[in-house]
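Asker: Chains as they are written, first to last, in this note's numbering: chain A, 437 to 713; chain B, 20 to 318.
It should be emphasised that the hints constitute simulated quantities derived from the structure, not laboratory data. Cβ atoms here follow ideal geometry from the backbone N, Cα and C, with glycine treated the same way. Where hints are given, some of them may not hold.
Not the full set, but computed from the structure, chain A residues with beta-carbon under 8 Å of chain B [to be verified]:
1) Leu-470
2) Thr-532
3) Leu-563
4) Pro-585
5) Val-588
Facing chain A, from chain B, some residues (calculated, C-beta under 10 Å) [said to hold, decoys possible]:
6) Leu-39
7) Thr-138
8) Gln-205
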Amino acid sequence: MKNTNQLKKLISKFFVYVLLILFAIFMMGPFIWLISVSLMPGKNIFAFPPAIFPTFIDFRNYLEVWEYMDFLKYIWNTVIITFLGVTLSLLFSALTAYPLAIFKFKGRNFVFLLLISTMIIPAAAGLVVNYLTINAMGLINTFTGVVLPTLVSVFNVFLFRQAFMGIPTDIRDSGKMDGASEIRIWGQLMMPMIKPAVAVVGLFEFMANWNSFLWPIIVLNTEKYPLASALSFLNGQFSYNFGWIAAGTVISVLPIIFVFLFTQKYYMEGISGAVKG
Amino acid sequence: MGKIRTVGFSRFSEVQTAWLFMAPGLILLAVFTFWPIIFSLPLAFTNYSVIGETSFVGLENFKRAFSDIDFIASIKNSLLYMIIVPFIQIISILMAILVNRKIAGIKFFRTAYYIPVVTSMVAVAIIWGWLMSSNGVLNYLLMSTGLLSEKINWLSDKDTALWALMFITLWKGLGYYMMIYLAGLQAVPNDCIEAARIDGASNFEVITKITIPLLKPYMFFCTLISLMAAIRVFDEVFVLTSGGPGNATLTSSVYIYQQGFEQFEFGYSSALGLIVSFIIMFFSIFIFVFNRKGGVNPY
Numbered sequence: 437m438k439n440t441n442q443l444k445k446l447i448s449k450f451f452v453y454v455l456l457i458l459f460a461i462f463m464m465g466p467f468i469w470l471i472s473v474s475l476m477p478g479k480n481i482f483a484f485p486p487a488i489f490p491t492f493i494d495f496r497n498y499l500e501v502w503e504y505m506d507f508l509k510y511i512w513n514t515v516i517i518t519f520l521g522v523t524l525s526l527l528f529s530a531l532t533a534y535p536l537a538i539f540k541f542k543g544r545n546f547v548f549l550l551l552i553s554t555m556i557i558p559a560a561a562g563l564v565v566n567y568l569t570i571n572a573m574g575l576i577n578t579f580t581g582v583v584l585p586t587l588v589s590v591f592n593v594f595l596f597r598q599a600f601m602g603i604p605t606d607i608r609d610s611g612k613m614d615g616a617s618e619i620r621i622w623g624q625l626m627m628p629m630i631k632p633a634v635a636v637v638g639l640f641e642f643m644a645n646w647n648s649f650l651w652p653i654i655v656l657n658t659e660k661y662p663l664a665s666a667l668s669f670l671n672g673q674f675s676y677n678f679g680w681i682a683a684g685t686v687i688s689v690l691p692i693i694f695v696f697l698f699t700q701k702y703y704m705e706g707i708s709g710a711v712k713g
Numbered sequence: 020m021g022k023i024r025t026v027g028f029s030r031f032s033e034v035q036t037a038w039l040f041m042a043p044g045l046i047l048l049a050v051f052t053f054w055p056i057i058f059s060l061p062l063a064f065t066n067y068s069v070i071g072e073t074s075f076v077g078l079e080n081f082k083r084a085f086s087d088i089d090f091i092a093s094i095k096n097s098l099l100y101m102i103i104v105p106f107i108q109i110i111s112i113l114m115a116i117l118v119n120r121k122i123a124g125i126k127f128f129r130t131a132y133y134i135p136v137v138t139s140m141v142a143v144a145i146i147w148g149w150l151m152s153s154n155g156v157l158n159y160l161l162m163s164t165g166l167l168s169e170k171i172n173w174l175s176d177k178d179t180a181l182w183a184l185m186f187i188t189l190w191k192g193l194g195y196y197m198m199i200y201l202a203g204l205q206a207v208p209n210d211c212i213e214a215a216r217i218d219g220a221s222n223f224e225v226i227t228k229i230t231i232p233l234l235k236p237y238m239f240f241c242t243l244i245s246l247m248a249a250i251r252v253f254d255e256v257f258v259l260t261s262g263g264p265g266n267a268t269l270t271s272s273v274y275i276y277q278q279g280f281e282q283f284e285f286g287y288s289s290a291l292g293l294i295v296s297f298i299i300m301f302f303s304i305f306i307f308v309f310n311r312k313g314g315v316n317p318y
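With the hints as constraints, model all of the structure from the sequences given.
Answerer: As structure tokens, then:
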């Protein structure tokens, strides 16, 4: 009796792992294949049957694309755009969310309604007008012009609001007793308490900024492109040179995977707060 | 300036502090989210473009839109794209159930499933563009397992291109929704499930009678988000097919973009944007009402 039960458990565990591995191949396979393409310079990826696993390893594609495309410049552009986007977005979203969570004031419901209504508006419709606005501000071909339109997202504001609402009221009261100003209470007492939310918003903003390619193409000249824009440019220019494009794609993807691994331990906590409300 | 209440306290009243905190965020929203809507209203009734003089044309743009074969096709494709929404929910809930257990290596699998989410759509589009070409790996795998008898050029065949794009969108999004559902599953109290087990409920019954009902707010959230994403789909179409072949994969966002930034017909593009806004508004109100009836409120 005990033995059959254990056997049953073992079999079900086996099936779970088989399923997990099959899904992992489905989700990771394309990336592994990409890496193997990038490591085989001169190999035709459209040969039939295709080479799925590398038969030899050579880093020439990486060296060539690095040199030819001036990748360092594109990485630097991406880093600046992402840094500006993430820090300013965290700052403004957390500032906007704080009163909505803590204070009761006239017009609070109105602000709420405004925020929710933005979720209904399609992004594509605003593209032309935002271009005209950025142009009127003299911000064409600047990184500020790239990050400005998407700095405050309603999703982030709600996520922060939810996190602030979870902080016990005594903490703010104790800050007040010590005579701290509201901005100090916010920055020194409240913000450190909502690290999971900061990590999740930070990751989402990092993703959005690191990966954005359309708006930068509209606003910037080629030499100021971030990686994703440069990659779509590279793909159009050298579509015959698969090895280069594969190597460029791998280079552009690695940093963001690294950031995700770094923030993922806060991820679940932050996300469940956002949805439950 | 607000009156000074107590020395050492804030110089501003709470109301003023509240507005000061929100000012930068609200100003940005006003300029880059509300202004485009307000400004595109008058723009939609003009023939504003880079060439020629701008004049008021009344309802001309809207008349043109409803007889524009490409625009109608783009709306059709955008609506068709919503078919992926239920598939996303089903597959990602199953994935969440699969990874919601404490066994060795489970963190690795969760991370692996999330990697497509953090990757840029440009990179994903490049990879899948190669995999799906007529001499690509996908055809090879399908043909060697006997599922396919002859090569298909998935993204350049007008019968398969839109479906191929939908598949890529689905594949990239699964991990994101899986994580949200996983957060939901972990919020399900364990006693609930154990009590049901003691009462003799099967695994299947636990899932359909306890897990799924408790996941409802998460399903609402994910359905809304994935529906918005589907109807606004842009990146993968733009990078892989630009709406082609013909208008087989033209979606409304891509068409609005093309009219604005390739034809420079800003007036017409704004009118199209307004029409699509109304369609999106209709669907989101529909979901909100539907959700209200179900008695679930995530916010």
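Asker: Provide an ascending list of the numbers of those earlier hints which the structure does not satisfy.
Answerer: none
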